[in-house]
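So the protein lines, in turn, are chains A and B.
Per numbering that gives the first Met the number 0, the very first residue in the first sequence carries number 0; after that it's consecutive.
Per numbering that gives the first Met the number 0, the very first residue in the second sequence carries number 0; after that it's consecutive.
Hints were generated in silico from the structure; no laboratory data involved.
Even glycine gets a Cβ: it sits at the ideal position worked out from N, Cα and C.
Do not take every clue at face value.
Said to hold, decoys possible - Computed footprint of chain A on chain B, listed as stretches where at least three residues anywhere in the stretch have a Cβ under 8 Å from a Cβ of chain A:
1. 2-12
2. 18-32
Claimed, not checked - Ranges of calculated distance between the beta carbons of each label pair, as one might list FRET restraints:
3. A:103 x B:283: 49 to 55 Å
4. B:103 x A:54: 32 to 38 Å
5. B:279 x A:156: 56 to 62 Å
6. A:103 x B:242: 54 to 60 Å
7. B:82 x A:10: 48 to 54 Å
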Amino acid sequence: MRQAGDVAAFSEFVEARSAALFRTAYLMVGDHQLAQDLLQEALVKTLVAWPRLRDRDNVEAYTRRIVVTTSISWRRRRSFHERPTDLLPDTGSPDQTELVVTHDAVMAALLTVPPRQRAAIVLRYYQDLTEAQTADVMGCSVGAVKSQVSAGLARLRRVLGDSFDGAHPHEQEVGP
Amino acid sequence: MTEPLVDLLRRTADAVPDPGVDVDALLARAATRQRRRRLAAATGAAALVGVVAVGALAVRGDEPRHEEPAPPPSPHVEAPVTARPLVYAEGRTVHVGERTVEAEADVQFVAVTDDGVVFVTEDSDEWEWSERLWFDDGETTEAIGRVPTQHIGLFEVFTSDPGSIVVWADGTHTAGYSPERFVVYDTARHATVALLPYRGDFNSVVHVDAQHVYFTPDLGPTVLRYDLASGRTRTTSHAALGRELRSEPRQLPRGRFVQQGSRLVPVDADGEPVVVRGASGSVSGLRVPAGWAAPPGEIHVAQWLDDHRLVLFADDGGGDIPGVPGDFLTCDLRDQRCRLAVPLTRTPYIAPGQPS
Chain A
0 MRQAGDVAAF
10 SEFVEARSAA
20 LFRTAYLMVG
30 DHQLAQDLLQ
40 EALVKTLVAW
50 PRLRDRDNVE
60 AYTRRIVVTT
70 SISWRRRRSF
80 HERPTDLLPD
90 TGSPDQTELV
100 VTHDAVMAAL
110 LTVPPRQRAA
120 IVLRYYQDLT
130 EAQTADVMGC
140 SVGAVKSQVS
150 AGLARLRRVL
160 GDSFDGAHPH
170 EQEVGP
Chain B
0 MTEPLVDLLR
10 RTADAVPDPG
20 VDVDALLARA
30 ATRQRRRRLA
40 AATGAAALVG
50 VVAVGALAVR
60 GDEPRHEEPA
70 PPPSPHVEAP
80 VTARPLVYAE
90 GRTVHVGERT
100 VEAEADVQFV
110 AVTDDGVVFV
120 TEDSDEWEWS
130 ERLWFDDGET
140 TEAIGRVPTQ
150 HIGLFEVFTS
160 DPGSIVVWAD
170 GTHTAGYSPE
180 RFVVYDTARH
190 ATVALLPYRG
200 DFNSVVHVDA
210 QHVYFTPDLG
220 PTVLRYDLAS
230 GRTRTTSHAA
240 LGRELRSEPR
250 QLPRGRFVQQ
260 GSRLVPVDAD
270 GEPVVVRGAS
280 GSVSGLRVPA
290 GWAAPPGEIH
300 VAQWLDDHRL
310 VLFADDGGGD
320 IPGVPGDFLT
330 CDLRDQRCRL
340 AVPLTRTPYI
350 APGQPS
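Could you put the whole structure together from the sequences, leaning on the hints where they help?
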């Protein structure tokens with residue numbers, strides 16, 4: 000009953016990890032419904048690949064990679080959420096009297112960051128991956144990760160001002 | 000106040016409610032993909048090294064051990080081979096060979112038949128769950144139906160190759176994304192020629208040719224074959240379908256191409272080498288134009304132009320919405336050479352492609 004066992008194992012994986020994967024997807028696309036579609040697409044691809052995934056400890060990493068790479072290259076219905084624009088959104092950039100940046104402002108700012116830069120930031124700062132791990136997920140060099148993160152942070156600062164500290168908790172922020 | 004970016008992102012992500020994930024629906028979608036891959040393998044597109052698709056994890060019943068006798072397909076009517084134009088879209092413009100079609104809205108999907116081009120446009124949000132499907136024959140553009148909205152991935156619109164048949168899940172009445180039938184449309188006749196009611200819980204088209212629609216009703220091994228000539232639907236199997244398709248001249252690999260020096264090598268979804276079969280035989284590699292280098296993305300088959308020539312689309316792998324910039328190459332299986340047909344620009348393209 001290997002197949003039944005695999006289905007059970009996959010179901011357990013979904014139960015345990017789908018919420019965390021979904022949040023990564025959400026930061027990548029900024030919309031609940033789209034993030035759900037993205038997660039489901041990644042889980043289907045994981046399911047198809049399941050017999051080849053011998054190291055079950057890495058299933059989450061495999062699925063997360065699909066979430067990220069799919070979100071970078073996907074095609075979507077533009078009007079469903081926002082349209083790409085060079086104009087920065089009016090997010091009500093916080094002045095010094097505001098204590099926190101709103102959830103909507105953060106998401107709007109993230110969506111002004113090009114997909115690869117956004118992926119690098121989400122992986123480095125939300126997933127807390129190292130530069131090498133981030134490079135592995137994105138399929139690029141460590142140097143490319145550094146430049147993507149640097150450019151993405153600069154973009155975020157244009158929108159959010161100095162409301163956030165871009166220093167990585169475990170490493171010094173890097174330049175391009 | 001300055002807040003660490005780590006905390007800012009976590010607070011943002013934690014604010015969204017948890018997703019609802021239907022494992023049975025995931026199993027069904029995975030099973031459909033495995034079936035299509037197996038079909039590609041069965042037709043000979045995959046298999047230099049004996050690759051057959053990944054295990055049948057999600058398939059609760061696999062191919063039957065004792066296959067039911069499948070009725071023979073209707074005799075194929077020999078039609079003159081029609082060369083198709085290279086088709087792609089950018090924004091609202093659909094390129095059909097040397098001519099263009101201006102759509103009413105941005106184009107989200109494009110496909111080709113022997114008679115013209117089929118495309119999906121982004122509608123207003125009046126119809127949130129479906130988009131309009133069009134057909135243009137070079138003289139007129141007509142709305143022929145609605146397809147369920149796809150936010151990620153390709154629209155599930157299937158065309159026969161060669162032939163005039165287009166099949167899609169009917170999105171006309173999908174208030175809640177729940178189609179109940181397939182629409183079969185003949186672009187030569189400009190008419191809907193059949194409506195196929197769903198017969199199970201996970202209805203999915205697996206193949207369309209000039210005279211038949213093959214679809215599955217659920218997760219089991221059953222394949223249903225609708226015969227356009229007789230109007231009858233009969234039961235067959237994936238194995239039988241694979242045998243029936245081996246004689247078809249245009250067999251698309253469900254994978255991609257990778258550049259190895261001056262050659263493009265077809266590989267399957269697992270990266271294993273495969274062959275591409277056309278009327279002039281099989282090839283395991285194609286020569287790229289001098290000096291051409293693949294963008295750092297993937298190279299897919301977009302369409303066949305005729306029984307000998309196909310179009311490859313090489314994207315940059317990191318394009319933004321809605322499409323990606325990339326090169327279109329036309330490749331001739333007779334001399335095994337590719338030529339640059341549409342070079343990469345900053346314009347995002349929508350390339351033809353079948354869902355896999």
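task: Please test the hint of 56 to 62 Å on the beta carbon pair from residue 279 of chain B and residue 156 of chain A.
output: Check passed, 58 Å falls within 56 to 62 Å.
- prompt: Between residue 103 of chain A and residue 283 of chain B, does the beta-carbon spacing fit 49 to 55 Å?
  reply: holds (53 Å)
message: Quick check on a hinted range of 32 to 38 Å for residue 103 of chain B and residue 54 of chain A, using CB atoms only.
response: violated (50 Å)
field: Verdict on chain A covering the region 18-32 of chain B, criterion of 3 CB contacts below 8 Å
entry: holds (count 10)
message: Does the beta carbon distance between residue 82 of chain B and residue 10 of chain A stay inside 48 to 54 Å, or does it fall outside?
response: Given range 48 to 54 Å: holds, Cβ gap about 49 Å.
Consistency of beta-carbon spacing, residue 242 of chain B to residue 103 of chain A, with hint 54 to 60 Å: About 56 Å separates the Cβ atoms of residue 103 of chain A and residue 242 of chain B, which means 54 to 60 Å holds.
- prompt: Counting residues of the region 2-12 of chain B that have a beta-carbon nearer than 8 Å to any beta-carbon of chain A, does the count reach 3?
  reply: Coverage by chain A holds here, the residue count being 10 at a Cβ distance below 8 Å.
Hint compliance for this structure: hint 4 is the single one not met.
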